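Protein chains in written order, with my numbering: chain S, 14 to 393; chain U, 14 to 393.
One should not assume that every hint holds.
Which copy is meant is left open, so a pair is good if it fits within one copy or across any two.
[Said to hold, decoys possible] In silico EDC-like links for lysine to aspartate or glutamate, alpha-carbon gap of 20 Å or less: (1) LYS344 to ASP245; (2) LYS131 to ASP167; (3) LYS224 to GLU107; (4) LYS331 to GLU43; (5) LYS224 to GLU112; (6) LYS223 to GLU107; (7) LYS267 to GLU26; (8) LYS110 to ASP85; (9) LYS110 to ASP233; (10) LYS110 to GLU225.
Treat the hints as calculated values from the structure; they're not laboratory data. On a predicted model such as this, the values are computed, not experimentally measured, just so you know.
Number of protein chains: 2
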Amino acid sequence: MLLMTPGPVAVDERVIRAMNRPAIAHYHPEYFEVFNETTEMLKSIFGTSGDVIILPGSGRVGMEASIVSIADPGDRILCIVSGTFGRWFVQIAERAKCEVKILEGKWGGAINPEEVEKILKEEEFKAVTVVHSETSTGARNPIETIGRICKGHDVLCIVDAISSVGCMHLDMGKMNIDLCVSASQKGIGGIVGLALVGVSERAYKVMEEKKEICQSFALDLRRWRDQFFGHDYPRPYPVIPSTHLVYALDEACKLIVEEGLENRLSRCCKAAQAVRKAIRALGLELFPEEEIASDSLTAVKPPEGISESDIVRTMREKYDVMVGGSVFELKGKLFRISHMGVQASMNYLIPTLAALERTLVDLGYKVEFGRGVGTLIEGI
Amino acid sequence: MLLMTPGPVAVDERVIRAMNRPAIAHYHPEYFEVFNETTEMLKSIFGTSGDVIILPGSGRVGMEASIVSIADPGDRILCIVSGTFGRWFVQIAERAKCEVKILEGKWGGAINPEEVEKILKEEEFKAVTVVHSETSTGARNPIETIGRICKGHDVLCIVDAISSVGCMHLDMGKMNIDLCVSASQKGIGGIVGLALVGVSERAYKVMEEKKEICQSFALDLRRWRDQFFGHDYPRPYPVIPSTHLVYALDEACKLIVEEGLENRLSRCCKAAQAVRKAIRALGLELFPEEEIASDSLTAVKPPEGISESDIVRTMREKYDVMVGGSVFELKGKLFRISHMGVQASMNYLIPTLAALERTLVDLGYKVEFGRGVGTLIEGI
Numbered sequence: 014m015l016l017m018t019p020g021p022v023a024v025d026e027r028v029i030r031a032m033n034r035p036a037i038a039h040y041h042p043e044y045f046e047v048f049n050e051t052t053e054m055l056k057s058i059f060g061t062s063g064d065v066i067i068l069p070g071s072g073r074v075g076m077e078a079s080i081v082s083i084a085d086p087g088d089r090i091l092c093i094v095s096g097t098f099g100r101w102f103v104q105i106a107e108r109a110k111c112e113v114k115i116l117e118g119k120w121g122g123a124i125n126p127e128e129v130e131k132i133l134k135e136e137e138f139k140a141v142t143v144v145h146s147e148t149s150t151g152a153r154n155p156i157e158t159i160g161r162i163c164k165g166h167d168v169l170c171i172v173d174a175i176s177s178v179g180c181m182h183l184d185m186g187k188m189n190i191d192l193c194v195s196a197s198q199k200g201i202g203g204i205v206g207l208a209l210v211g212v213s214e215r216a217y218k219v220m221e222e223k224k225e226i227c228q229s230f231a232l233d234l235r236r237w238r239d240q241f242f243g244h245d246y247p248r249p250y251p252v253i254p255s256t257h258l259v260y261a262l263d264e265a266c267k268l269i270v271e272e273g274l275e276n277r278l279s280r281c282c283k284a285a286q287a288v289r290k291a292i293r294a295l296g297l298e299l300f301p302e303e304e305i306a307s308d309s310l311t312a313v314k315p316p317e318g319i320s321e322s323d324i325v326r327t328m329r330e331k332y333d334v335m336v337g338g339s340v341f342e343l344k345g346k347l348f349r350i351s352h353m354g355v356q357a358s359m360n361y362l363i364p365t366l367a368a369l370e371r372t373l374v375d376l377g378y379k380v381e382f383g384r385g386v387g388t389l390i391e392g393i
Numbered sequence: 014m015l016l017m018t019p020g021p022v023a024v025d026e027r028v029i030r031a032m033n034r035p036a037i038a039h040y041h042p043e044y045f046e047v048f049n050e051t052t053e054m055l056k057s058i059f060g061t062s063g064d065v066i067i068l069p070g071s072g073r074v075g076m077e078a079s080i081v082s083i084a085d086p087g088d089r090i091l092c093i094v095s096g097t098f099g100r101w102f103v104q105i106a107e108r109a110k111c112e113v114k115i116l117e118g119k120w121g122g123a124i125n126p127e128e129v130e131k132i133l134k135e136e137e138f139k140a141v142t143v144v145h146s147e148t149s150t151g152a153r154n155p156i157e158t159i160g161r162i163c164k165g166h167d168v169l170c171i172v173d174a175i176s177s178v179g180c181m182h183l184d185m186g187k188m189n190i191d192l193c194v195s196a197s198q199k200g201i202g203g204i205v206g207l208a209l210v211g212v213s214e215r216a217y218k219v220m221e222e223k224k225e226i227c228q229s230f231a232l233d234l235r236r237w238r239d240q241f242f243g244h245d246y247p248r249p250y251p252v253i254p255s256t257h258l259v260y261a262l263d264e265a266c267k268l269i270v271e272e273g274l275e276n277r278l279s280r281c282c283k284a285a286q287a288v289r290k291a292i293r294a295l296g297l298e299l300f301p302e303e304e305i306a307s308d309s310l311t312a313v314k315p316p317e318g319i320s321e322s323d324i325v326r327t328m329r330e331k332y333d334v335m336v337g338g339s340v341f342e343l344k345g346k347l348f349r350i351s352h353m354g355v356q357a358s359m360n361y362l363i364p365t366l367a368a369l370e371r372t373l374v375d376l377g378y379k380v381e382f383g384r385g386v387g388t389l390i391e392g393i
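Taking the hints into account, I'd like the entire structure generated from these sequences.
The following block contains the structure:
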């Protein structure tokens with residue numbers, strides 16, 4: 014089975030092999046070394062001089078940790094929503110009793126940063142949330158501009174970079190991102206089960222000035238600075254991330270360091286462009302507007318009269334390729350081909366396009382075999 | 014390195030091998046089968062006709078989920094505290110703005126259930142929290158009696174069974190436990206990274222009657238019933254537990270089923286008795302009172318003049334055996350030998366006792382070599 018879903022992504026076999034070891038105590042001195050090493054690599058991948066905190070969980074755990082660690086009940090949060098994952102910030106912040114204002118953009122379209130600027134001029138907020146690569150629609154948001162606007166208004170900038178870190182250019186420091194949420198199983202190429210949260214100095218300061226103690230014991234990011242970072246061995250983990258998943262993550266980070274982050278981003282970008290071109294060569298349409306398409310995944314509209322779920326199921330059952338369907342509010346409107354990490358290569362993408370061509374023909378859509386594949390070979 | 018810490022515990026090599034597989038989507042139909050199979054085995058291990066929910070996280074994530082899923086701000090929670098882990102419930106409930114009453118027992122001593130009865134007669138509570146096997150002290154609490162008392166007063170009984178499930182007799186149904194929290198890396202013998210929460214029908218009912226929506230998006234257990242259990246494929250996970258850790262957990266559960274739960278509990282119980290006898294044969298004292306000692310681990314007082322950390326470090330560095338030290342409030346007062354899962358066997362316990370004998374002699378304590386080991390061979 015070729016795994017071409019936008020998270021979990023297929024991973025290098027070295028990542029799997031890294032977990033092939035006996036159980037080890039998370040407080041074993043040797044393991045601390047690995048944990049520190051992983052954290053240091055993550056800091057350079059996130060582009061931060063602050064901390065990157067590894068929490069047990071998936072991306073949404075990291076999203077929740079970033080909100081509840083900085084916000085008091087009643088605090089105002091501006092949530093930019095143009096997809097399913099952006100909407101989760103709304104739900105999380107509302108449950109934490111924040112006052113949420115939603116800036117809703119077209120799903121698959123671009124957010125106009127001027128709207129953010131206008132709102133921040135008129136009203137006070139503690140934080141703005143925005144999704145970098147909206148995995149549900151395949152579109153990207155202009156986080157650099159939004160980060161600058163947030164900084165200008167002294168508002169925290171919280172970014173869901175779950176499917177972008179390791180695939181798309183991101184630099185917490187230069188982009189003024191205060192809380193940057195990612196996860197192990199997407200662009201970084203590890204195994205699902207860890208949330209990763211980059212924390213800026215400014216975000217820590219807001220946590221310190223928070224009126225109430227964080228509502229969560231497990232997700233209080235401030236505890237990491239107070240109990241963990243900057244302390245020597247032995248030091249307690251505020252909550253325990255899985256040792257074996259950290260070994261896998263460590264190996265995934267090493268693969269990024271060995272390739273070189275910039276090389277990897279270029280490879281993903283080139284693969285993404287080639288996939289988009291191949292999709293168009295098949296006469297299909299992208300779901301997002303092309304100029305703001307994410308480089309992590311390509312979201313494609315099913316051709317008229319053919320259902321997205323038939324495409325996904327046929328590719329999986331008949332051709333052994335698993336691509337992503339559409340979820341929640343977007344059900345039926347698109348399917349998604351991932352090109353993160355190892356997926357951004359001929360060996361993964363060529364069979365995927367081949368399976369798509371065969372599937373489309375099976376379902377009654379006219380395709381000249383090799384047209385998508387040929388375009389991809391040329392472009393990648 | 015022989016891993017004899019009370020979580021993570023050493024695991025069967027089949028558990029490690031179960032993770033030696035490529036990445037798979039958590040929404041792949043084949044994986045759903047494995048997830049369902051694991052859940053069903055867990056239900057029989059927990060002794061519940063309700064659900065057992067698998068959350069990403071360690072035990073304390075499960076503890077937090079159990080509190081925030083049932084409690085509204087201002088709700089009264091009675092926390093029975095006789096060790097570090099019992100105290101965490103207090104911190105979790107206070108952060109969730111519950112009104113907490115603490116019933117503090119002697120650390121390492123037994124809670125008198127009559128005190129619980131007396132308090133519940135006089136005051137109203139929504140839930141009582143109690144730790145079954147207090148991993149920090151090595152003592153056990155009479156959860157069966159406390160469960161019965163809670164039921165009599167229509168109060169939810171929340172049990173931290175993190176180090177007892179899979180080692181000590183526990184039956185949610187018969188013992189009237191409403192929320193039973195455990196974790197993958199302890200008595201069940203999986204890999205660290207999953208919290209397991211058994212939920213009774215009564216607990217679900219309280220969740221439904223809760224006035225406010227749960228403060229947490231990721232830890233709201235009610236979402237599992239509403240979105241997941243009882244629904245056919247495809248169904249969304251409220252939060253994603255790590256696929257690879259679930260494969261490991263699945264294998265760990267299979268090992269329990271193959272051995273037979275009762276056989277496993279007897280083996281653990283016998284090993285625990287033998288270890289306690291061996292410790293006494295060396296002239297050392299247990300930390301908890303013997304009649305309420307946990308069968309999951311043995312907490313031992315260091316002999317006078319010898320520090321716990323020297324014992325732990327010497328065993329690890331010189332003899333390649335890692336036992337648990339003491340943590341937080343109990344620092345220096347005890348060290349802990351685990352005997353859960355595969356550890357409850359000669360191959361793990363004999364070298365551990367041998368290393369302890371050598372270590373004690375190294376540190377100036379008189380031991381007749383083979384005395385502890387001999388007692389253990391006889392008793393196990």
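* Identical-chain pair category, LYS110 with ASP233, by Cα at 20 Å -> both (16 Å within a copy, 15 Å between copies)
* **Up to 20 Å CA-CA - GLU107 versus LYS224, copy category** => Intra 18 Å, inter 15 Å, cutoff 20 Å: intra and inter.
* Asked: Should LYS223 paired with GLU107 be assigned to within, between, both, or neither, using CA atoms and 20 Å as the limit?
  -> both (17 Å within a copy, 16 Å between copies)
* Asked: How would you label the pair LYS344, ASP245 (within, between, both, or neither) given a Cα cut-off of 20 Å?
  -> between (49 Å within a copy, 17 Å between copies)
* **Up to 20 Å CA-CA - ASP85 versus LYS110, copy category** => Classified as both: same-chain Cα gap 8 Å, cross-chain 13 Å, threshold 20 Å.
* Checking LYS110 and GLU225: alpha-carbon separation at most 20 Å within a copy, between copies, both or neither? -> both (13 Å within a copy, 10 Å between copies)
* What label fits LYS331 with GLU43 when the C-alpha limit is 20 Å: within, between, both, or neither? -> between (46 Å within a copy, 15 Å between copies)
* Homo-oligomer pair classification [GLU26, LYS267; C-alpha up to 20 Å] -> Result: close within a single copy only, 13 Å intra versus 26 Å inter.
* To do: Classify it for me, LYS131 with ASP167: is the Cα-Cα distance of at most 20 Å met within a copy, between copies, both or neither?
  => within (14 Å within a copy, 54 Å between copies)
* Could you place LYS224 and GLU112 in one of the four classes (within, between, both, neither) given a Cα distance threshold of 20 Å? => Intra 16 Å, inter 19 Å, cutoff 20 Å: intra and inter.
Consistency note: the structure conflicts with none of the earlier hints.
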